[in-house]
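*Asks:* Residue numbers (the numbering used here), protein chains in the order written: chain L, 26 to 298; chain E, 152 to 319.
Treat each hint with caution, since some may be false.
To spell it out: a stretch of chain L is covered by chain E in this simulated footprint if at least three of its residues, at any positions, have a beta carbon under 8 angstroms from a beta carbon of chain E; those stretches are [claimed, not checked]:
{"hint": "1", "segment": "67 to 77"}
{"hint": "2", "segment": "144 to 152"}
{"hint": "3", "segment": "163 to 174"}
{"hint": "4", "segment": "244 to 251"}
Within a straight-line C-alpha distance of at most 16 angstroms, the following computed EDC-like cross-link-like pairs (lysine to aspartate or glutamate) qualify [stated by the list, open to error]:
{"hint": "5", "chain 1": "E", "residue 1": "LYS271", "chain 2": "E", "residue 2": "GLU255"}
{"hint": "6", "chain 1": "E", "residue 1": "LYS180", "chain 2": "L", "residue 2": "GLU293"}
{"hint": "7", "chain 1": "L", "residue 1": "LYS137", "chain 2": "L", "residue 2": "GLU189"}
{"hint": "8", "chain 1": "L", "residue 1": "LYS75", "chain 2": "L", "residue 2": "ASP50"}
{"hint": "9", "chain 1": "L", "residue 1": "LYS200", "chain 2": "L", "residue 2": "GLU293"}
{"hint": "10", "chain 1": "L", "residue 1": "LYS200", "chain 2": "L", "residue 2": "GLU220"}
{"hint": "11", "chain 1": "L", "residue 1": "LYS111", "chain 2": "E", "residue 2": "GLU197"}
{"hint": "12", "chain 1": "L", "residue 1": "LYS200", "chain 2": "L", "residue 2": "GLU292"}
{"hint": "13", "chain 1": "L", "residue 1": "LYS194", "chain 2": "L", "residue 2": "GLU125"}
{"hint": "14", "chain 1": "E", "residue 1": "LYS181", "chain 2": "L", "residue 2": "GLU121"}
{"hint": "15", "chain 1": "L", "residue 1": "LYS111", "chain 2": "L", "residue 2": "GLU121"}
{"hint": "16", "chain 1": "E", "residue 1": "LYS180", "chain 2": "L", "residue 2": "GLU125"}
{"hint": "17", "chain 1": "L", "residue 1": "LYS197", "chain 2": "L", "residue 2": "ASP50"}
{"hint": "18", "chain 1": "L", "residue 1": "LYS200", "chain 2": "L", "residue 2": "GLU189"}
{"hint": "19", "chain 1": "L", "residue 1": "LYS111", "chain 2": "E", "residue 2": "ASP189"}
{"hint": "20", "chain 1": "L", "residue 1": "LYS137", "chain 2": "L", "residue 2": "GLU292"}
{"hint": "21", "chain 1": "L", "residue 1": "LYS197", "chain 2": "L", "residue 2": "GLU293"}
{"hint": "22", "chain 1": "L", "residue 1": "LYS111", "chain 2": "E", "residue 2": "GLU196"}
Derived by calculation from the structure, the hints in this document are not laboratory data.
Ideal Cβ positions, reconstructed from N, Cα and C, are used throughout, including at glycine.
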Amino acid sequence: MAAEAHGQAAQAGAEQRLELPSIFDIYNSAIDALNYYFPNLHLSGIDMHKQYFGFTLHEWTPTIMSCLVGCVLVGFSLYATRRMEKVPRGAQAFAEIVVEGLYNFLSDSLGKHTARYLPFLGTLFLYIILMNLWGLLPMMHSPTNKINTTLSMALPVFVFYNYEGIRMKGLKYFKHFFEPLFMAPIMFPLHVIGELVRPVSLSVRLFGNLTGEDLTLALLVMLTPFVFNFIPVPIHLVMVLMALLFSTIQAVIFTLLSTVYLSLAIEEHEEGH
Amino acid sequence: MELLKPLGLNFKLLFIQFVGFMILFWMLKKFLFTRVLDMIQRRGEEIRSAYEANEKAKQEAEALRRGYEQKLQEARAEADAILQTARQTAEKLGQEIIEKTRQEAAQIRERGLAEIEQEKKKVITEIRRDVVNLSVDIARRIIDKAVDQREAERLADEVIGAIGSMRT
Chain L
26 MAAEAHGQAA QAGAEQRLEL PSIFDIYNSA IDALNYYFPN LHLSGIDMHK QYFGFTLHEW
86 TPTIMSCLVG CVLVGFSLYA TRRMEKVPRG AQAFAEIVVE GLYNFLSDSL GKHTARYLPF
146 LGTLFLYIIL MNLWGLLPMM HSPTNKINTT LSMALPVFVF YNYEGIRMKG LKYFKHFFEP
206 LFMAPIMFPL HVIGELVRPV SLSVRLFGNL TGEDLTLALL VMLTPFVFNF IPVPIHLVMV
266 LMALLFSTIQ AVIFTLLSTV YLSLAIEEHE EGH
Chain E
152 MELLKPLGLN FKLLFIQFVG FMILFWMLKK FLFTRVLDMI QRRGEEIRSA YEANEKAKQE
212 AEALRRGYEQ KLQEARAEAD AILQTARQTA EKLGQEIIEK TRQEAAQIRE RGLAEIEQEK
272 KKVITEIRRD VVNLSVDIAR RIIDKAVDQR EAERLADEVI GAIGSMRT
């Protein structure tokens, strides 16, 4: 399936990775099985290498998965807030717990600005944690194990905190690029590089962790021993527990670092930090 | 960015994911965060106002209670004063009545004594008159029987002696 070689050399590095089967692969396997047992049906499966809008279905899979995650999030939000009540029940209570928890989590570093930045950072957290955990569902993949997905969140974070810094402090925002002043010529390039590395480190950290996690899971599933050649022993369960932990931690780290960058950008520092 | 190419970076997919993220951000902001934060804030305000109203009512009750207590104390003091005055008045009145009664009793006694004295005098006068009448009667009888002089003098002495013994 995924390990098959195919013509597009540019994406080869990303495509030849070992993966658990996605919903399309399962569908194709089912079609194959049907064709095997009922040869006169002539069913055709989904061609994973057919081009849709310039990409193969295989390359579209993470995007489709993140769309599903987004739909789950939006669907839950609509369901939870369709009728707001004074005394929260069910989904609304859960939504309030989540939002309030995020608020408290962010207010440690953002203080009085929390309410303003909560939607952006909260969306980041919910989106990332759900995408990370999505890969643990059967037939689903974590969209975050593709660099495109993680960078598509790290770049908005980069733009967002720089924009907010300029909005709050004006031109004084650029002052921190030249500190300490007596070493400005040396420090300026360092600061710029440091600034530019932030989105890359954010995205690559998340991408690398999730890739490793999914790869380990796929490997362990492949190595599953069978007792009497019949009963499978789920040795990857340990890794699933670890993956639950790592997924959460990575989502927290991504959000926390974004929050820290933002709070550093907008803080009114009178006393040197 | 060239560094990331081997990791599978593709700008078209990146852009699509970015658009998806922005749409998700917009929708979650609209449907989740704004609404829930609004709700939490509204509830907080309601609780605060309810709490404040409660506090105010408690303070009012406390003020009322204090006022009533003060009034009660005043009333008690007044009642005490009234009772005191009444007791004093009653005592004075009682004293007066006793005094008056005593005086009256003394008067009555005096009057009684005076009356008794008068009665006594009257009786003595009457008895004297009776004795005189009797003696006159005796004298007339003696005369009627024509007793001798000596006999008559003795009788008169006797009568006078009786009268004299009666005087005491």
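*Asks:* Look at each hint and say if it fits the structure.
*Replies:* Evaluation of the provided hints:
1. For a cut-off of 8 angstroms, the count of residues in the segment 67 to 77 of chain L with a CB near a CB of chain E stands at 0, and the three-residue condition is violated.
2. Beta-carbon proximity to chain E at under 8 angstroms applies to 6 residues in the segment 144 to 152 of chain L; the threshold of 3 is reached and the given coverage holds.
3. Beta-carbon proximity to chain E at under 8 angstroms applies to 5 residues in the segment 163 to 174 of chain L; the threshold of 3 is reached and the given coverage holds.
4. Counting residues of the segment 244 to 251 of chain L whose CB lies closer than 8 angstroms to any CB of chain E gives 0, so the stated coverage by that chain is violated, three being the minimum.
5. The hinted pair formed by LYS271 of chain E and GLU255 of chain E fails the criterion: a straight-line CA distance of about 24 angstroms is larger than 16 angstroms.
6. Under the criterion of a C-alpha separation no larger than 16 angstroms, the hint pairing LYS180 of chain E with GLU293 of chain L is inconsistent with the structure, at around 26 angstroms.
7. Our distance criterion of 16 angstroms between C-alpha atoms is met by LYS137 of chain L and GLU189 of chain L, whose separation comes to about 15 angstroms.
8. Under the criterion of a C-alpha separation no larger than 16 angstroms, the hint pairing LYS75 of chain L with ASP50 of chain L is consistent with the structure, at around 14 angstroms.
9. Among the hinted pairs, LYS200 of chain L with GLU293 of chain L is consistent with the structure: their alpha-carbon atoms are about 12 angstroms apart, no more than 16 angstroms.
10. Using a Cα cut-off of 16 angstroms, the hinted pair LYS200 of chain L and GLU220 of chain L holds, with the two alpha carbons roughly 13 angstroms apart.
11. Annotation: proposed proximity of LYS111 of chain L to GLU197 of chain E holds, straight-line Cα distance about 10 angstroms (limit 16 angstroms).
12. Taking the CA atoms of LYS200 of chain L and GLU292 of chain L, the gap is near 13 angstroms; set against the 16 angstroms cutoff, the hint holds.
13. The suggested pairing of LYS194 of chain L with GLU125 of chain L is violated, with an alpha-carbon distance near 28 angstroms, which exceeds 16 angstroms.
14. Distance restraint check for LYS181 of chain E and GLU121 of chain L: the Cα-Cα separation of roughly 15 angstroms lies within the 16 angstroms cut-off, and the hinted pair is therefore satisfied.
15. Restraint check for LYS111 of chain L and GLU121 of chain L: satisfied, since their Cα atoms lie roughly 12 angstroms apart, inside the 16 angstroms limit.
16. Distance check on the hinted pair: LYS180 of chain E and GLU125 of chain L sit about 14 angstroms apart at the alpha-carbon level, within 16 angstroms; holds.
17. A distance of roughly 54 angstroms separates the Cα atoms of LYS197 of chain L and ASP50 of chain L; the hinted pair therefore is violated under the 16 angstroms criterion.
18. A threshold of 16 angstroms between alpha carbons decides the hint, and for LYS200 of chain L with GLU189 of chain L the separation of about 15 angstroms falls inside it, so the pair holds.
19. With a CA separation close to 11 angstroms, the supplied pair LYS111 of chain L and ASP189 of chain E stays within the 16 angstroms bound.
20. With a CA separation close to 11 angstroms, the supplied pair LYS137 of chain L and GLU292 of chain L stays within the 16 angstroms bound.
21. Of the supplied pair hints, the one linking LYS197 of chain L and GLU293 of chain L holds, its CA atoms being roughly 10 angstroms apart against a limit of 16 angstroms.
22. A distance of roughly 12 angstroms separates the Cα atoms of LYS111 of chain L and GLU196 of chain E; the hinted pair therefore holds under the 16 angstroms criterion.
When each numbered hint is compared with the structure, violations occur for hints 1, 4, 5, 6, 13 and 17.
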